[in-house]
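K.L.:
Taken in order, these protein sequences are the chains called A and D.
One point on numbering: in the numbering used here, the residue at position 158 of the first sequence is 158, and numbering is uninterrupted.
One point on numbering: in the numbering used here, the residue at position 57 of the second sequence is 476, and numbering is uninterrupted.
It should be emphasised that the hints constitute simulated quantities derived from the structure, not laboratory data.
It cannot be assumed that every hint is accurate.
In the BS3-like style, the derived pairs of lysine-lysine whose C-alpha atoms are separated by at most 27 Å in a straight line are [as the list claims (entries may be wrong)]: (1) A:K113 with D:K532; (2) D:K644 with A:K225; (3) D:K532 with A:K225; (4) A:K225 with A:K113; (5) D:K644 with A:K113; (6) D:K571 with D:K644.
Protein chains: 2
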Amino acid sequence: MQHWSSVVAEWGQAARAAARCLALADTDQKNAWLTRAKERLDAGAERLLSANAADVADAQTAGLAPALIDRLRLTPARLAALSQGLLEIRALPDPIGQVIEGSRRPGGLEIRKVRVPVGVLLFIYESRPGVTVDAAALAMKSGNAILLRGGKEARRSNAELQTHLAAALADVGLPAAAIQQVTDPDRQLLTALLHAGDWIDLCIPRGGEGLIRAVAAEAAMPVLKHYRGNCHLYVDAAADLEMARRLLYNGKCQRPGTCNATESLLVHAAVAERFLPVALAELQTHGVEIRGCPTTCRLFPPARPAQDADFAAEFLDLILSVRVVPDLEAALDHVARFGSGHTEAIVTDHGPTAARFLREVDAAAVLVNASTRLHDGSVFGLGAEIGISTDKFHARGPCGLVELTTYKYHVLGSGHVRH
Amino acid sequence: MQHWSSVVAEWGQAARAAARCLALADTDQKNAWLTRAKERLDAGAERLLSANAADVADAQTAGLAPALIDRLRLTPARLAALSQGLLEIRALPDPIGQVIEGSRRPGGLEIRKVRVPVGVLLFIYESRPGVTVDAAALAMKSGNAILLRGGKEARRSNAELQTHLAAALADVGLPAAAIQQVTDPDRQLLTALLHAGDWIDLCIPRGGEGLIRAVAAEAAMPVLKHYRGNCHLYVDAAADLEMARRLLYNGKCQRPGTCNATESLLVHAAVAERFLPVALAELQTHGVEIRGCPTTCRLFPPARPAQDADFAAEFLDLILSVRVVPDLEAALDHVARFGSGHTEAIVTDHGPTAARFLREVDAAAVLVNASTRLHDGSVFGLGAEIGISTDKFHARGPCGLVELTTYKYHVLGSGHVRH
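This is chain A alone, in the form it adopts within the complex (with noise of 0.2 Å):
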């Protein structure tokens, strides 16, 4: 432990130094960052793949579950499609200098509230190396330094991305201590890691929700959680059904194993009988298993009997649950009880019900008419997210560029004092 905290001072501490040289490069810099680490993985392209083969052969040796396997595997057209990722972030604006707002205020005092970066980022992250680009990306553009704590699975393929990552540093005269990898052979350098406050202003941990509890436990800087995405939608009684089917449909089953998928239904009584013999008959066509209330099994009897548990699960697969609400307070209620903050739908013509939907439901997203698959940055307009938070603080929802920035206030007087 001790060991590791001074290693990890020492990181910290020039990823500090690193952190008030970036907070004070202008976009002209970033954005040929962005350029030369794009030539430069283009580049080097052959030798990045061969480094990933040979994680991706130590995976399967290993055992690792083929859904692992995958996310780990880069190919020629994930290489691409990283590389041009880097392209869209420079194409973003800067947020760093945006005045947020100002004011002259009586007596002359002028404030300024200016956009400004965090400091220093620590990222950790599982097996998917092209995370390791878009988080360091979309880092130099917010001027953050970060530090990249990858998969040991993804090692190689981590190292070889970041000599170029860090070869680009050079190109254009950044700090070599702005992206730093610290791969540990044990837990006690993660741990050393969240203990050092002093030096990492924020933690983004991206994985299951058992490892991003176990980071905020642990952590002593905030953490920009992301815990779970259990997200309903709401068919109410004045629901287009057509619209409503085509909305679960997406919802459940474009890419089911993503936080914003849809995971439960709620029915409004009166368009039950109507609604959910078609819609749960299309969906178990495609392979959703259904797991439902009383009403709902009556209605659909392929329906397996839904626990409280199924009603509060995040399956992240082809499963739904189900429950037929006697009104919209009933679903507002379920919601409040089951919801994950997360991402939550409701379909309706009515104004007043789409309304009041809108306002008591308590989530980082509040849909009408939409997909809740549509919680997204890219969607949103933010461009790249480097996560999605279900916290309220300090940012809600898609996490891209300007959720990487805070404030400062600049004050300009000519001899103002306090009275």
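With chain A's structure known, arrange chain D on it following the hints.
P.N.:
Chain D alone, transformed into the frame defined by chain A:
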């Protein structure tokens, strides 16, 4: 511990239900509460003063420090100011429901980022009973339920205040659990409260650095922290020295016990000889003790030699640390090393130097040609403040109504799905 957890869960559940209701309360209802609370406090002044007199008598018997007893004491004038403060908060714009930004995305999806309350606040404070009223009023206007954990020494005053605040809730039809006082006979209750992350969204401790660090280390929820204000005034080579003298005197002497008082003076070597003897002599006649670097001690012999601990200290007293620096770079390095990220000021007429100081100093507020004492919510136009945050998240600097809010996204579609 077990016992307190269940008590806290009961309070927390009630507070959460109240928060759901408060989030939907409209401005008129919240303002009506502020009006009624003022009327009830005014009508109950006599009983309030006698409850407070009993607290003060106990504190005197217990031998509490005179400064603490002064903070504890209510007078007719202080009570009138408190009651007037409610009308000032009433006059502030309601932040809830404000559309922070919005856009129509390609494809027609409408995105709105809307300001909403945080939920349930836990406010931990010490002897000043007026804070009970301020904190409750800021919470109500921003639509948050609040748990107030005041000091034991103010328990009679706070209990009497609570009867009026609660009666005003009943007057306007807001739930009683919107404002709850949580007084504890022992520290175990505080621990249980800090573990209640399921019920409490944000903790705001107000008090000494030790209390705040203890709370932050224990808390399962985000904590809005105010650690220390070690605020510097840097007198540049291009400073108007007469202005510098006035800013120094105001920053150090106008109210030395506050977090934004000037604790440390940095002076460019080129003006040290002209500035220091006069400016420090003036402070000395006002009872300020000077702790200086060797050059300072040479130029102003009454100064005592300063240690690093003096440069790091928040004196909150008539003491000033002084260092002569060779250039702006050295001043920036000193501030980066010893500053607390609270308030930093420069005196200079040289535009590029001011611009560089504004950009490079990492603090909640950076001032040019203005007293550090001006870093304040009312000066900045935020209205009443619940504290000044030395954190970078979720709010930085003065925390008023807006800083007691978060946001959610409203997304309006017409059958939009993810492709």
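K.L.:
Against each hint, give a clear statement of whether it holds in the structure.
P.N.:
Cross-check of the supplied hints:
1. A:K113 with D:K532: Holds, because 19 Å separates the two Cα atoms, which is no more than 27 Å.
2. D:K644 with A:K225: Holds. D:K644 to A:K225 sits at ~19 Å (cutoff 27 Å).
3. D:K532 with A:K225: holds (19 Å)
4. A:K225 with A:K113: Holds: A:K225 and A:K113 sit about 26 Å apart, inside 27 Å.
5. D:K644 with A:K113: This hinted pair holds, its Cα atoms lying about 19 Å apart.
6. D:K571 with D:K644: This hinted pair holds, its Cα atoms lying about 22 Å apart.
In this structure, every one of the numbered hints holds.
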